[in-house]
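**Q** Chains as they are written, first to last, in our numbering: chain F, 108 to 753; chain B, -9 to 150.
Just so you know, these hints were derived from the structure itself, not from any lab.
The structure displayed is predicted, hence computed values, not measured ones.
Think of the CB as a built atom: it goes at the ideal place given N, C-alpha and C, for glycine as much as any other residue.
You may find that some hints are simply not true.
Derived contacts from chain B toward chain F, CB cut-off under 7 angstroms, selection only [as the list claims (entries may be wrong)]:
no. : residue
1   : Leu19
2   : Pro23
3   : Thr25
4   : Ser30
5   : Val34
6   : Asn39
7   : Val40
8   : Pro46
9   : Pro78
10  : Val79
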Amino acid sequence: MTDEAGQIFLQEAAELVASLERDLLELETTPETSDLVNAAFRSLHTLKGSGAMFGFAAMSAFLHEFETAFDRIRQGEVALSPAIVAVALRACDRILPMIATPEAEAEAARSVLDALAQAMPGGGAHVAQRTEAAPPLATASRLRFRLPPDVLRLGHDPQMLLDELRELGPARVQAITAKIPTLETLDPTDCLMAWEVSFDTPVPRGAIEDVFLFHGDDLELELDPAEKADPPLAAASTAAQPATTGPKTQPAAGGETMRVATERLDELMDRVGELVIVEARLQALASSRKDPALLAVAEDIERLAAGLRSATMSMRMVPIASVTGRFRRLVRDLSATLGKPIRFEVTGEDTELDKTMIELIADPLVHLLRNAADHGLETAETRRAAGKPESGTIRLAATYSGAEVLITLTDDGRGLDLGRIRARAVTNGLIAPEAQLSERELYALIFEPGFSTAAAVTEVSGRGVGMDVVRRSIEQLRGQIEISSEPGHGTTVTLRLPLTLAIIDGLLVEVGGERYTIPLAAVEECVELPADQAHPGTGTAFLNIRGALVPFLRLRSLFGVTAPPLLHPKVVVVQAAGNRIGLVVDRIVANTQTVIKQLSPLQAHLRGFSGATILGDGRVALVLDVGQIVALGREAEDLHRRESAA
Amino acid sequence: MSSKPIDIVTMRLGREMLAIAASDLHEILEPVPVTRMPNSGDFVFGLINVRGAVVPLADLRVVFGMPAEAATNDTRMVVLDVPLETGPVTVAILADKVLDVSSLDPATVEPVPPVGSRWPAEAVRGIGHRDGGFVILPDLPAIFRTHCARSAELRKDIHR
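Okay, chain B solo, but in the shape it has when bound (with noise of 0.2 angstroms):
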């Protein structure tokens, strides 16, 4: 990570502070209607429309292991690019608030704490310090390359 401050955009989530960098969004949305995808698990679990383009709407809840809710005033979908090895995908992704834009040094963010951490650790790029207090930075591109890899998988079985 260089040591140039990065602009990132925080939202919470359960308990949790996320930050993401403001570079990937796309756009905050109000909650739209989402279609329910069959099958397709807990996580990336249905689509919605975002002007024209059919988007896949993720809850990170389901790989921080945090227990689900109900949508409030606050819930926003946060619509964002996430970079993957075959090209950059869109995706959108829950947020119980979001809160503003603001920079972040990355000096400050330290790496997870292999023990007694409450997130997976291949989940997280690291914690920053902000305000006094901690902002997870989500490892998006290896949280959606483990889904892609554990549903191919999922296919190859039912396949056989």
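The shape of chain F in the complex, shown without the other chains (with noise of 0.2 angstroms):
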């Protein structure tokens, strides 16, 4: 078996396992649902079944006995209980790990089984029972098939399935030949052979449905009952396989979508983006020199790059349900631990992020639901002793935001002591004992390093992972965190993350002869500054804007321009972190498509922008990041509150 092969099954392993997850997870809630049980059971069916083929036989022997379990569940012969979904979960877990280290997982597949036999009503020794009372019930002697015409092109191989009919006993094939058209009329890649197969003794039916189990409606399968099998019976199962087996035939067709290495989308973007550096340095050049019919070009040019881009960009947007699924798992187990019964809602699964960015934070978002369930809820009595319902509540929501997407992690638990969490920072060493901080400060002491509340070490949280390692993690990826809380009530910790990392609409604006862009997805709208607040003087610095007090920060002054300030400045109205902040700049330049170029790990620690990128004339501008210039304005506004109060 070719390596990529093998990568591909890795990767079906976990998407399969991610799946089964899922729907033992609902499963747990719903046990009536007899779809899941279907869809649990085929995931169980296929991983064994490629595992087997890839050469996983642990693996694949371990999870026949869930099988087992699961298709006499399905048929009713047994009732789902909360143990058996209990220990199918645990399966769950052991069958990644079993296909990385098969022996070093044996001892613990080993215990999962003895749940599993025990969790079974009847206990292991069933199956066993089962195993030899069944084929005297249905079997089958000889059986003819034939498979729909298409399935060559879909990949399937009829030997495979001849090849599993032999392993079920001593057998004899014949191919029937009797569709199979002139040479003329022939299309060599339709299957128009059918097979006949009779087996020298009887085998189960089950066994021999089974194998069918992934050829649904089209399939045309005739049993011929051995002699001493009850017919109605036969009739029966073969009328009940399309209707399980068919929704499976969909992700088998699997014509409407296909898998690209990341990698390979990485280089298209890359090349997305060099194409829109070029095409602006056209746009440039065409502007110039005024040629109409240069310009029209460069006009198609630009047309077309913006699609290719926005197309690309589309092709990486996964939705934040890829990495829920997995939460709410985290969040059952949690509160299985921790004894605290939790509900765990999650909103917004469908809005999308670029998929390396939704890699990224699915660390962040684990330690950030463990520190909720465990700091932040209550224990069941806590809870009841405060009037508040027992079960606490984590609700994760995703919104858009502008060019954001906002994430929200709330629970409804003891909320943040402020007190507290001062008095450990003192402790630490991280304000002085007479420092009057802000709330918000105080809560942003809790994203520094070294500063943990959690009076004891839990097995939950505290393992020594901070919320400055979530706040790092989050700022890498050009976002920010947000912490608020209200005592009593729960805790908010919000995250702005940007779209993407590649390519933004960006604002070109100047100041002091030097040019800066601006995420366009953030500005507001333009106005003039009005000539008494030109220049820079005492007093607020606010805006009105139709009635409304918009504060604003001269870009100037922060970034240290020294050049004399040009006539009618204009201000450009941000939006971020909820919080509207007009930027004095000395002029707008032009609408640009922005490729963000990372900056150097020399520069990383500078605040306020983003990154970098070319412009049309070869220079070299830097990309404002918003969040960070109105979180700089608010420090330098704190701060001199603080100084004018003392």
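Since each chain comes alone in its own frame, lean on the hints to assemble the complex.
**A** Structure representation (structure tokens):
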């Protein structure tokens, strides 16, 4: 087996495990849903089958037991109990490790199987009993089958089916070629053969049906019962066949999507990025030459580049739902470990983010979830005493907000204790005992390295990875993290993340002869700076925009510009972190498509910039990080207020 | 340092001669437009476009305590890789003049005299002898590592 095929197997196995886990979790709340049982059974069956095909015998044998168990549930022989779901979830966790290190997992697998035997009514012995009892009930000694004509194009190999059938017992196979036309009308990609397989000894029908599990509606399958078999039952089981296997044919058909390695998408994105830069240069050139023909071409190229850019970007977008499944499981397990009943609600699962981004926020979110469950939520008794419902609630919500995606994680727990945060910060030397800090500043201390308010290090959280790591991960994505809390009512952590890391629409502005790009999605409007505000002086720096007071920041002073100011400065009103703020610039130059280049690690410490871009004339312009600029402005404001108070 | 001769690029900075291992060198550019990086200090002070890549530009004069000088016809931007723990970082440094590529016998390289040296010892790997003169071998990884650490410290202060 080639490495590539092995890789695909691993990827598929991971996806199947995820979908199995999702189905099991849902079964836990709605055990009566037969669709879910069927889906779980199919996942188990596919994992077992493809595992065996790729040589993971131990995993395959392990899953066989679970498959058998779910088969019995599916047939209605056994009722699904929470205990079975719990042990199946444990099995889920073992599948991927068993593929990686089968030997190391043998012990764990055995204990899971023991637990399964106990969870199943009648215990493990029942399984053996059944296999003895089953054959006389439903067997067949001969079968004929015909596959749908397009089966070869879908990548199925009839030879594998025949091999599988032969494994059931000694058999003779005969091809039925009656439907094959003459050579001139033959389409060699159609499968027009049928086969007749005669077994020397009758084999269980169930086993035969399993072989054809993934050949659903269009399969023609005839079973000749063994002499002693019961005819009505035989009819029932062939009739049941299409119903149970029908849904699975959709993924098997698979013509609608294809897998592409992420590196190839990255490469495509890089190329598109370069194209966008060259396109900007062409634009600059065309407008300086003022040649109508050249301008027309430049315009066409611009349109194409923009289309290509958004198409490429949309390829990289995946819904948040791709990670929330994992979180459901995590919260369920946390609830069990901590002995706290927890409701987990997710909204906005279809919100899309760049794939790289999704992968990188998963770990920080896991950390935040653990924190919420462990430190945020109280025990059921405490909650009852406080007059709250016994079940704590953790809510994960994702929404779009301009060029950002907002992810909020809310719990209805005890909230943050400002006094304790303060005390801890003083003990750890983060702040001076007499320091005056606003509520927001105190909350922000939680993200400082070495800060942990948990009085006791528990098994669940407080294992040395602090909130500072979470903040760093989010900031590396050019995102922001904020925390707010209401004592007794809970805590909310808000993540603000850019939609993508690669290309944005920007507004090019000039400050002191230098050019900067402001992400257009953050821009609300541009206005003139009133003449009475033109010179920096004392007093509050507020603009009156249609009756609303909007604070503004002078980028000249923020960036330390010394060149004399121009007349008629402009204000770009941006929206970030829920605040509106005006940025005073000298001049607004143009709208540009901006390929963001990450800043070198040598400059990563600088706040206020999310990256740099190359302009049409080849110069470098810095891209403003509006969120950080606003934060800088707020800090300056806080400082100013404290100084004027002192 | 091994005993094999190494290829070096010599360049003049103020009145000093510096030597950079040729294997670290990417290219030597005639001055291109520089974008100032606000609030970044005098050392790593700007950004330049090196064929589509955004590269930070540093002025080693700041490290060696030399006075600033205006650019001349000979001024060059030397693009090179600096190996840091986190991986190589591409930077450009200013040179008043780039002279030549020659080979240097590591055996002739001496440590910086602890006393009476004009240069901060932690920024220099050694002093080499060449054509009867001296060349300074700057310890670029150490210089940029110090810069990063200092900036991170600075940032923390701002944050508080």
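**Q** For a quick check of understanding: which of the numbered hints are violated here, in increasing order?
**A** 1, 7, 9
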